[in-house]
Every structure is written in C-alpha cells, then in structure tokens.
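Going line by line, the protein sequences match chains S and X.
One point on numbering: in the numbering used here, the residue at position 639 of the first sequence is 639, and numbering is uninterrupted.
Count along the second sequence from 1, add 1000, and you get the number used in the numbering used here.
Hints are computed from structural coordinates only; laboratory data are not their basis.
From the three backbone atoms N, C-alpha and C, an ideal C-beta is built for every residue, glycine too.
One should not assume that every hint holds.
[Stated by the list, open to error] Reference listing, derived: stretches of chain S covered by chain X, where coverage requires no fewer than 3 residues with Cβ under 8 Å from a Cβ of chain X:
1) 129–143
2) 264–273
3) 386–397
4) 643–656
[What the hints assert, rightly or not] Restraint-style ranges between C-beta atoms, simulated for each label pair:
5) X:Asn1175 <-> S:Leu31: 54 to 60 Å
6) S:Leu107 <-> X:Lys1079: 53 to 59 Å
7) X:Thr1029 <-> S:Arg671: 29 to 35 Å
8) X:Val1014 <-> S:Ile180: 37 to 43 Å
9) X:Lys1079 <-> S:Ile170: 42 to 48 Å
One-letter residues, chain by chain:
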Amino acid sequence: MVTVQLERMEHRVSSNHSEWVLSFALLAEILVFSAIADNFLTRGNFVEIARTSIETGLLALALTPVIVSGGIDLSVGSMMGLAAVVFGAAWQDWHAPLIVSAALALLAGFLGGALNAVLIARFRIPALIVTLGTYSLFRGIAEGITHGAVNYSGFPKAWLSLGQGYLGDIIPAQLPIFLIVLIGYTVLLHRSTIGRAVYAIGFSADGARYAGIPVAKRVGLIYLLSGLVSSLAALIYVAHLGQAKSDAGTGYELDAITAVVLGGTSVFGGRGGIGGTLLGLLSLAVLQNGLHLAALPSELTGVLTGTFLLVTIGIDAMRARPRRKTEVEEETPMRNSQLAILCGVILAGALIVAGTNAWLVRSLRPADDATRVAVDAHKRPVIAMMPKAKGDPYFVSCRRGAEEAARELGVDLVWDGPTGLDAAKQNEIVESWITRQVDVIAVSVENQAGISTVLRKARQHGIRVVTWDADAAPDARDFFVNQATAQGIGETLTDEAARLLNGSGEFAIVTGALSAANQNEWIKFIRQRIEHEHPLLKLDTIRPSDDDRDKAFVETQTIVKAFPGVKLVMAISAPAVPGAAEAIRQMGRKDLDLIGLSLPNICKPYIHSGVVQEIVLWNTTDLGYLTVYAGSLLSENKVASGAKSIQAGRLGTLEVRGSDIILGTPLIINRDNVERFDF
Amino acid sequence: MQHRREIAIAATIVALGIVVAFVAPAFFTLANLRDVFMADVPVLVAALGMTLIILTAQIDISIGSQFAICGVAAGLVAKSGLSLPVVILAVLLIGAALGAINGALVAWIRIPSIVVTLATMVALRDALRWVTEGAWVQDLPRNFQWFGLTLGAFEVVTVGIAAGLFAGASWALRNAAMARTIYAVGSNEGAARLMGIDAAFVTFCVFTVAGALTGFAATLNSARFNQIPSNTGLGMELKVIAAVVVGGASIRGGRGTVVGTLFGVILLGAIGPALTFVGVSAYWEKAIQGAIILTAVAAEAWPARIRKSGGRLGHSPA
Chain S
1 MVTVQLERME HRVSSNHSEW VLSFALLAEI LVFSAIADNF LTRGNFVEIA RTSIETGLLA
61 LALTPVIVSG GIDLSVGSMM GLAAVVFGAA WQDWHAPLIV SAALALLAGF LGGALNAVLI
121 ARFRIPALIV TLGTYSLFRG IAEGITHGAV NYSGFPKAWL SLGQGYLGDI IPAQLPIFLI
181 VLIGYTVLLH RSTIGRAVYA IGFSADGARY AGIPVAKRVG LIYLLSGLVS SLAALIYVAH
241 LGQAKSDAGT GYELDAITAV VLGGTSVFGG RGGIGGTLLG LLSLAVLQNG LHLAALPSEL
301 TGVLTGTFLL VTIGIDAMRA RPRRKTEVEE ETPMRNSQLA ILCGVILAGA LIVAGTNAWL
361 VRSLRPADDA TRVAVDAHKR PVIAMMPKAK GDPYFVSCRR GAEEAARELG VDLVWDGPTG
421 LDAAKQNEIV ESWITRQVDV IAVSVENQAG ISTVLRKARQ HGIRVVTWDA DAAPDARDFF
481 VNQATAQGIG ETLTDEAARL LNGSGEFAIV TGALSAANQN EWIKFIRQRI EHEHPLLKLD
541 TIRPSDDDRD KAFVETQTIV KAFPGVKLVM AISAPAVPGA AEAIRQMGRK DLDLIGLSLP
601 NICKPYIHSG VVQEIVLWNT TDLGYLTVYA GSLLSENKVA SGAKSIQAGR LGTLEVRGSD
661 IILGTPLIIN RDNVERFDF
Chain X
1001 MQHRREIAIA ATIVALGIVV AFVAPAFFTL ANLRDVFMAD VPVLVAALGM TLIILTAQID
1061 ISIGSQFAIC GVAAGLVAKS GLSLPVVILA VLLIGAALGA INGALVAWIR IPSIVVTLAT
1121 MVALRDALRW VTEGAWVQDL PRNFQWFGLT LGAFEVVTVG IAAGLFAGAS WALRNAAMAR
1181 TIYAVGSNEG AARLMGIDAA FVTFCVFTVA GALTGFAATL NSARFNQIPS NTGLGMELKV
1241 IAAVVVGGAS IRGGRGTVVG TLFGVILLGA IGPALTFVGV SAYWEKAIQG AIILTAVAAE
1301 AWPARIRKSG GRLGHSPA
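Work out the full structure: start from the sequences and follow the hints.
The following block contains the structure:
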C-alpha cells in the first residue's frame, strides 16, 4: 500500500498531462493556421517565430523554477529595462568597450536579483510584494537615469548581428544563447539536487526545511538567477532592436508567466517543468504569428490566449479533482489515456470552433467580398498599414481615412499593430507581413533604429515600403508621408503658448508616457524654441499622463496647486487634453490657459466652453488617406523616386520634398473652426 | 502585536506627512487633500473588493479590465436613455457577472485564481479593444456627469457612499458570521470545510461581490467626467493589489483588515502628488514609489525576523 502511494506521489511529480494536452493544442494550432494563414508552413516563418520569442523565452525559463518553488517574480520585465539602460549608458556615455558594458548590464541584473533574493529568502517577505516593489523600482531607476527620453542606439554591426543575424543563413544568432540557458536550466531543475530541492520547497517549505534542505539559499539562488537571465534577455533585446531605452521589456513578465503557467507549472508550487514551459512558449508564439499571417486582428491574441489558458489548465484541474475528495481505490491504467484522448478531442474541437469563427470573421469583414472574388483574377494589391498603437484615438481616426482610400482604389487594406506602444511588436508584425508577401508595407515608426533593419529586408523581398506619421531611416523606405515635423509641432505649440501668455510667464507640460519618443522630440524642440525665441517663458515641470485621461486629470490638479505660478498648461498627448481640461474646469480656474495636441472630437466640448483655447494637429483622416494613396501609386509604379509631386485623390496634387510627401502644415483648431473637423 | 503592519503603514504615512509638511506645506491645503482623496475613492472601492479576495487566499488581476468594461458599459447604458438608478444597477450586475465568471472557475473548476484572472485579464481587455476599436463613449446625457448633481454635492455623495461601504465591510468582517467565513476559508480551507462552511460557495461569492464593487468603482470614476475612454484601468490591478498588501493583508489569506487597505490606498495615492509638491522630478517618481513600498514592508519584516529567527519554519514564497 505504501509503495502504491509512493508511486502515485512520484506519478504526480513527474508526469505532466498538461504537456500532452498542450502538445495536442499546438498541433491543432499548426493545422488550423496552415489552412487559413498565408505562408505559415515555411522554414523562414519558423525561424522568425523562434527569433521573436527568445526574449520572452529567457524570462519564461527563469520564471519556471521560481514558480515551481511556489514564488513569483514580477520584476523581470522591469529588470530588462534597467539592464538595457545600463548597457547603453556604459557604452555610449562612459565609452566602455562593448564587452565591459555587457558585463555591467549583467552585473545590474545580478544585483537586482540579489535584492529580490535577500528580501524574499532572508527577510521572508512574500515574493509577490517584493517583486511588485522592485517592478516599480527597477523601471523607475531606468527612467530616472535616462529621464525616460534617452534612446541609446548606433551600436556596432557586430553587436547587432547577435540579435538580427543568422548562423549559416538559417539559425537566428541568438538561438544558441537561448539553447545554452535552456540546457542550463534543464540540468539545474531536472538533473540536480538543487532542482529536487526547489520542487520540495514548492511542495512544502516546512517539509523541505525538516528534510535538511537549506531553503533560504535555494530560494535565493533562483531569484538571483532570474535577475541575471533577465539582464541577458535585455542584451539580446538591445541587439534585436538596435536600441536601449528605459521601456525595454514592458509587459514581458505577463507573457512569460502566461507561457510558464500554460506549460502546466502549478502556481502553488511543486509541479511543472522546463519542457512544459517550452511548449507553452511555442504555442503562444505560434498563436500570435498565425494570427498575424491570417490577417486576423491582433486583439484575438488576448481573447484566444485567455481561452487557451482556461481550457488547458481547466482540464488539468478537473482531471486532478477526484483525487482530492477521496482517495480512489485503484485507478485503472486505462483512465489516464482515456482522459488524454478526451482532452485532445475537446481541445481540437475548441480550436476548430475558434478556427471557423476566425474564418467567419474574416469572411464577414470586408463588405465587398463579392467584388474581391471577381477581381481576384488580377489579384488586388495588399497594403499592410501599421499604427504605433491600435487603440489610440489618433490612429483610429487615421484608419478611417485609410479605409476610405482603400475603397476608392480597390486595394485590400490590412490594418494591424501593437495594442500599446511596443517597438518589438512592430518588428514582429513587419516580419510576418514579409512572410505573407504583402505588396506595400506602411509603418508609423515607434523605434527608428530597430525597425529600419526589418524594413530594408522587406524592400529586398520586393515589397514597397512607406513610412507615415513617424519616419524610419531614409534608406529603409521609399517614401515618408510627412504630416508635420517634430520641429514644426514644437515651435507652433511654443509660439501659441507665448502668444497666449503675452510673451512671458510660467507653464507646465503634461506629456504622454515619460519614455514616449514622439513627445520627447517635441519637448526637445519646445525647449529650444523657448531658449531662442521666447526667453521669458519658463517651463516649470513636465508630468507624465501615460496616455491615460484620468491620470492627466490628477496630474493637472496637482500641477496647478504645486506650481501656483503656472498660467498655462500644455498637454501633448491626445487623451491628456480632455483630462487636463476637466481638471481646470472643475477647479473653476478661468485664468488658466490650456493648449495642446489632441483630436478635435474628444476636445470639442472643452473648446466650445473655452477651457481649451486651441489644439494643434493635422488632419489625421487625410494622413491615413494619403498614406494608402501613396502606397497604391508605388505598387503600380506610378510614382518614381525623383517625383516632385503626386496626385492623391480628393487631396489633389501634393508636393514631394526629397522623399517626403508633404501633407500640409499643422492645423490650429479653435472655437471658430472645430466644427469643421470630424476625427 | 496583532496589527503590526497597519501600524507600520500608519507610521510611514505620518513620517512622510511630516517631511512634506516641512518641505511643501502647500500640500496640506483643504482643496488639495480633497482632490487627492477624491482621486482615490474609486481605487478604495475596488480595493475593498480586492481585500475580500486576498483574505480568501485568492487574487484577482483582472480588475483593471473589469473596470474598463464597466466604465464603457456605464456610458453605453446611460446613452440608451435609462434612468440613473437603472444605469448604476446595470453596471453593478455586469461587474458582478464578470466577477462571478472568475469566481465560478476558481471555486468549482478549481483553477488557481491567478491563472483564471490572468486569462480573463487579457481576454476581457482585448475583447473590449476589439469591440470599441479604441473609440471613446461620447455625447453622454447631461445628467450623467456628477449624477446630474453639482460637483460639490457629487463629491459628498461619493465620499458618503465610499465611507458607507468601508464602514459596512469593516463591521461585517469583524461581526457578521457570513463575512467571518471569509477569514476561515482564507486561513485553512480544509478546516473551514470540516466546520461545515461551503468553501467553494464563499469563494464564489467573494469574487462576485468584488466584481460588483469594481463595477461600482468604475461608475463613480466615469461619473466624474463627461466622456469615457475605452482604455481605462490599465495597470490598476497592480495599484490595488499593492495597496491591499502594503496595508497588511497576507497574500496567503486569512489575515488583513479593511483599515489596513485604507492606509495602503492613502499611502500609495498620496505619494505621487506629494512628490510633485516636494519638487521631485517625475522621472524619479516610479523608483521612489518602489523604494517606499519595499521599505514599508521590509521595516515590518525586520523585527519579525529577529524575534522569530530559528522559531519559524520555511519561507514565504507567495
């Protein structure tokens, strides 16, 4: 009887049914996507899947023993930001050699991991609280050092090839590093006494202590390693994107935790392993990649990931349940295999349903589906257009214009992008568009250094490239649709502020996120303009709104009271203007002026009531319209690189300066003209 | 000492308050304190729900997404022309339903709560993005903002309701048998079951109530404005969880009070504005916030370790 129970115990530890379930799911995913996605089953695509999941993969590896021990580490993504900044600063500001800079970054990871380790293992503070604190601390130090704005780039080719190059033309250069870490962690967790100790601690920390395991040391070690591996992930991230900025790795901790948990590692500790994590990671990466290739909206990723998690872990939990109630006398050997089959069937069923739904969505989406079939004979050109962030009202209004142009021209418009500002995601999506072989790629660039490499690759594949809203390196694209330069915006805003303040006075800026590249460019030009033209203007403070209307509201309330001299607030992020306006309105401060950069529709009530004096913007709908027009002309070779002007439908003839297509000057929108705009 | 963490946090608040009082006395004007507090009322309401969940030894990281959905729902229901009480009721029901989904999966399917809510967090957020495509809810009826009251009256009503909820939760967690079962389940689920408590049902109810509270928090927050963005509540789960655990609730369940949560909300909510008044650059704010959280919890852990070293077993992983 005792042996039977021991066997059962052993069974519970070592066998991972969720790995079976997950393998089935992965297989189903691959089947569905090879049916509905273009060029999914190609070697190049699998290479890209591998490449894009390496940073998250490293974090997931580091998190596996942490979660097996019953802990959690939320600080891994923030650690990436800190390590990236340390690396960039060491190389560029302190002129250290690359190797030394990399060593310093790893040292930062080591120290960060050590801080977590000491607080968790020695002070015995719950890991969730500690890493919640260091989650803010690490990112905060990175932002503090760089003021959120510094973007270290221009790393030497040799370093970049670590993240962008190939070994023997096939294997992504960073894959061997990942494999080494993978082997290291497999040995540590599954082939060493330390690994067994980690499992024992996860089962029961008290029990492990009684068994003579040095609990604090083992727990400390895995958090230390977690910090170290996060900084390694940061180095690869920097090489991959060609930039080191304080926002590196934002939100990666969630992806990594999802991969680990999906792989069957129990958050209660004591169960799971590296193999499961690898499967979890793969199925998430394939899901994201497949959705991009099938031109399904990337929002589906979240919906499907969530469903996926619930179904796999749910089946696992249901299966484990009978054991909890009463010890079932004897489990027949049949049961497990039956269950595995059952799980597989259910999952395959779920995926088929999901797949057919995806089909349905896809076929329902373009209303002119019939016409598409008709002209399919001469294949309609596909223009793939990417905003910086999909849900941002600014880009939503650009999309309206883009769709209008696509209808006029009879081209297929693919509109996809990251759901929040995320340079790495942009690269990933462009890669998938190259694999899909679209005709034109139009990108609003979040990170110039990082995306240019991928865009050049797209051009090599014969895809025409347009940038819009924010530019890439000039040789990485055919044309840039230029709506207004950062300099133009900065100067217009400063001049308007000076005009409203009669040339002198104090003002404050409410920006987007502290690390937002656009806003930081504008602020740079605002400062310059003050220095050269309006020396009596004084910028008292810059506060972040994180593109959140409610945060802008609170920040404005605080600014006005903390800096009583402020007579004008300049809000330079679309949601920040209504937030600041509502704050000023509720305080009843009629003497305060508010200007900024935002969309007319969300500011209309405040412009009419006189809280917002004016906003500066260009016609965003026209911007989207023009971009698609330019892309279409390019794909039909109707515009050459030396052109002086182009014909863009309802916009008429527009000037081309060098390779910049000029949309026009920024609009100043105030009470007199706001009703003319609907975007 | 029974409420060591609560006292530690209160001491931290007082210490920071003294520093701020010397450096930037303007922080302590009535108008400013009112604004700081008003901004935290929705957080406090959501944190009450989170306190219940954490007391049950569970966690809910999906409340940011619930908050966003409830906010948008409040706007859409209000625009359909229903009267205000109906709107509030509808949003409470939607919040409760979202909480109930989490609760059912945790209680009866027995999936760990962090997995369930991780899944619903990403799924609900992306579903909302998909449906709204980032558009804000605009052109709300006139009586939506401030519930059709004046700003002053609305603030009194909001604070009154929040205080009522707070007092109710505080009283119930001490005296009501039904609410005491939360502590029982959180301390030792098996023992609670042997006592005849339906642990699964308690867990389910806690998630449902927390969902309703989140819905209510979203209503209160939306009503402060005249349009509703569809991307609110990003990162809210971290803010609320940090407030609750800094306020002394044990992440392993069974220990914690709503008074601690109130202190946690006040501490974390006041740090940001206070730093602005003190003149700290925004760039260092996040780092300082992290450092304050760590110091507050480490300060409490320090004497515990000296006193109990050798006596206590194991470590506290989660």
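Do the hints match the structure? See the list:
1. 129–143: With 13 residues close enough to chain X, the hint holds.
2. 264–273: holds (count 4)
3. 386–397: holds (count 6)
4. 643–656: violated (count 0)
5. X:Asn1175 <-> S:Leu31: 54 to 60 Å: Since X:Asn1175 and S:Leu31 have Cβ atoms about 58 Å apart, the given range 54 to 60 Å holds.
6. S:Leu107 <-> X:Lys1079: 53 to 59 Å: holds, 56 Å
7. X:Thr1029 <-> S:Arg671: 29 to 35 Å: For S:Arg671 against X:Thr1029, whose Cβ atoms are near 33 Å apart, the range 29 to 35 Å holds.
8. X:Val1014 <-> S:Ile180: 37 to 43 Å: violated, 51 Å
9. X:Lys1079 <-> S:Ile170: 42 to 48 Å: Violated, at about 56 Å.
Against the hints set out earlier in the document, violations occur for numbers 4, 8, 9.
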